[in-house]
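Undergrad: Here the sequence shown is numbered in UniProt numbering, starting from 1 and rising by one per residue.
No wet-lab data here; the hints were simulated from the structure. Take the hints with a grain of salt, since some may be wrong.
[Stated by the list, open to error] The calculated lysine to any residue pairs, modelled on SDA-like cross-linking and capped at a C-alpha distance of 25 Å, are:
| # | residue 1 | residue 2 |
| --- | --- | --- |
| 1 | K58 | G46 |
| 2 | K55 | F12 |
| 3 | K6 | Q17 |
| 4 | K6 | V40 |
| 5 | K6 | Y20 |
| 6 | K8 | F31 |
| 7 | K14 | V53 |
| 8 | K54 | Y20 |
| 9 | K14 | N27 |
| 10 | K6 | P25 |
| 11 | K58 | A21 |
| 12 | K6 | G34 |
| 13 | K14 | P61 |
| 14 | K14 | G46 |
| 15 | K14 | E57 |
| 16 | K8 | F47 |
| 17 | K14 | R24 |
| 18 | K6 | E57 |
| 19 | K8 | T49 |
| 20 | K54 | N2 |
| 21 | K55 | K8 |
| 22 | K14 | K55 |
| 23 | K14 | D62 |
| 24 | K6 | R60 |
| 25 | K58 | V38 |
| 26 | K55 | K6 |
| 27 | K14 | L37 |
| 28 | K58 | F31 |
| 29 | K8 | S35 |
| 30 | K14 | S35 |
| 31 | K58 | C45 |
| 32 | K14 | C45 |
| 33 | K14 | V38 |
Model, not experiment: these values are computed from the prediction.
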Amino acid sequence: MNECPKCKRSDFSKAIQAGYANVRPENAGVFHTGSELVHVFCLNCGFITESYVKKPEKFRPDK
């Protein structure tokens, strides 16, 4: 992404949402560790332009 859709600036950074905020498969037990979320956000206004699961392989049925 080259430009923030909210403020039109072009300075971005990434942050990891981890710990109790990990996402896990919908039907997984409480011991499934899931994966962190990565957020890409505008350094000017804080608008999150992208979010994704850091380790998608943890969501495959064979894992």
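Undergrad: Now, for every hint given, state plainly whether the structure supports it.
TA: Results for each hint:
1. The straight-line distance between the Cα atoms of K58 and G46 is roughly 29 Å, outside the 25 Å bound, and the hint therefore fails.
2. In summary, the hint linking K55 to F12 is supported, as the alpha carbons are separated by about 22 Å, within the 25 Å threshold.
3. Pair hint K6 plus Q17 holds up; C-alpha atoms about 22 Å apart against a cutoff of 25 Å.
4. Using a Cα cut-off of 25 Å, the hinted pair K6 and V40 holds, with the two alpha carbons roughly 14 Å apart.
5. With a CA separation close to 29 Å, the supplied pair K6 and Y20 exceeds the 25 Å bound.
6. Using a Cα cut-off of 25 Å, the hinted pair K8 and F31 is violated, with the two alpha carbons roughly 42 Å apart.
7. This hinted pair checks out: K14 and V53 have alpha carbons roughly 13 Å apart, not beyond 25 Å.
8. The suggested pairing of K54 with Y20 holds, with an alpha-carbon distance near 15 Å, which does not exceed 25 Å.
9. Restraint check: the Cα-Cα separation between K14 and N27 comes to about 29 Å, which exceeds 25 Å; the hinted pair is violated.
10. Taken as a hint, the K6 and P25 pair is broken in the structure, with Cα atoms around 31 Å apart against an allowance of 25 Å.
11. A distance of roughly 15 Å separates the Cα atoms of K58 and A21; the hinted pair therefore holds under the 25 Å criterion.
12. With a CA separation close to 31 Å, the supplied pair K6 and G34 exceeds the 25 Å bound.
13. For the hint pairing K14 with P61, the CA-to-CA distance comes to about 28 Å; that exceeds 25 Å, so the pair is violated.
14. Taken as a hint, the K14 and G46 pair is honoured in the structure, with Cα atoms around 11 Å apart against an allowance of 25 Å.
15. Among the hinted pairs, K14 with E57 is consistent with the structure: their alpha-carbon atoms are about 21 Å apart, no more than 25 Å.
16. This hinted pair checks out: K8 and F47 have alpha carbons roughly 11 Å apart, not beyond 25 Å.
17. Pair hint K14 plus R24 holds up; C-alpha atoms about 21 Å apart against a cutoff of 25 Å.
18. Distance restraint check for K6 and E57: the Cα-Cα separation of roughly 32 Å exceeds the 25 Å cut-off, and the hinted pair is therefore not satisfied.
19. Between K8 and T49 the CA atoms are separated by roughly 12 Å; this keeps the pair inside 25 Å, and the hint holds.
20. Among the hinted pairs, K54 with N2 is consistent with the structure: their alpha-carbon atoms are about 22 Å apart, no more than 25 Å.
21. A distance of roughly 30 Å separates the Cα atoms of K55 and K8; the hinted pair therefore is violated under the 25 Å criterion.
22. The hinted pair formed by K14 and K55 meets the criterion: a straight-line CA distance of about 15 Å does not exceed 25 Å.
23. This hinted pair does not check out: K14 and D62 have alpha carbons roughly 30 Å apart, beyond 25 Å.
24. Taking the CA atoms of K6 and R60, the gap is about 35 Å. The hint is violated against a cut of 25 Å.
25. Under the criterion of a C-alpha separation no larger than 25 Å, the hint pairing K58 with V38 is consistent with the structure, at around 15 Å.
26. As the CA atoms of K55 and K6 are separated by approximately 28 Å, the hinted pair breaks the 25 Å bound.
27. For a cut-off of 25 Å, the pair hint linking K14 to L37 stands: about 10 Å separates their Cα positions.
28. For the proposed pair K58 and F31, the alpha carbon gap of about 13 Å is at most 25 Å, so the pair holds.
29. Straight-line distance between C-alpha atoms of K8 and S35 comes to about 31 Å, which puts the hinted pair past the 25 Å bound.
30. This hinted pair checks out: K14 and S35 have alpha carbons roughly 16 Å apart, not beyond 25 Å.
31. Taking the CA atoms of K58 and C45, the gap is near 32 Å; set against the 25 Å cutoff, the hint is violated.
32. Between K14 and C45 the CA atoms are separated by roughly 14 Å; this keeps the pair inside 25 Å, and the hint holds.
33. Simply put, K14 and V38 have alpha-carbon atoms about 7 Å apart, close enough for the 25 Å limit, and the pair holds.
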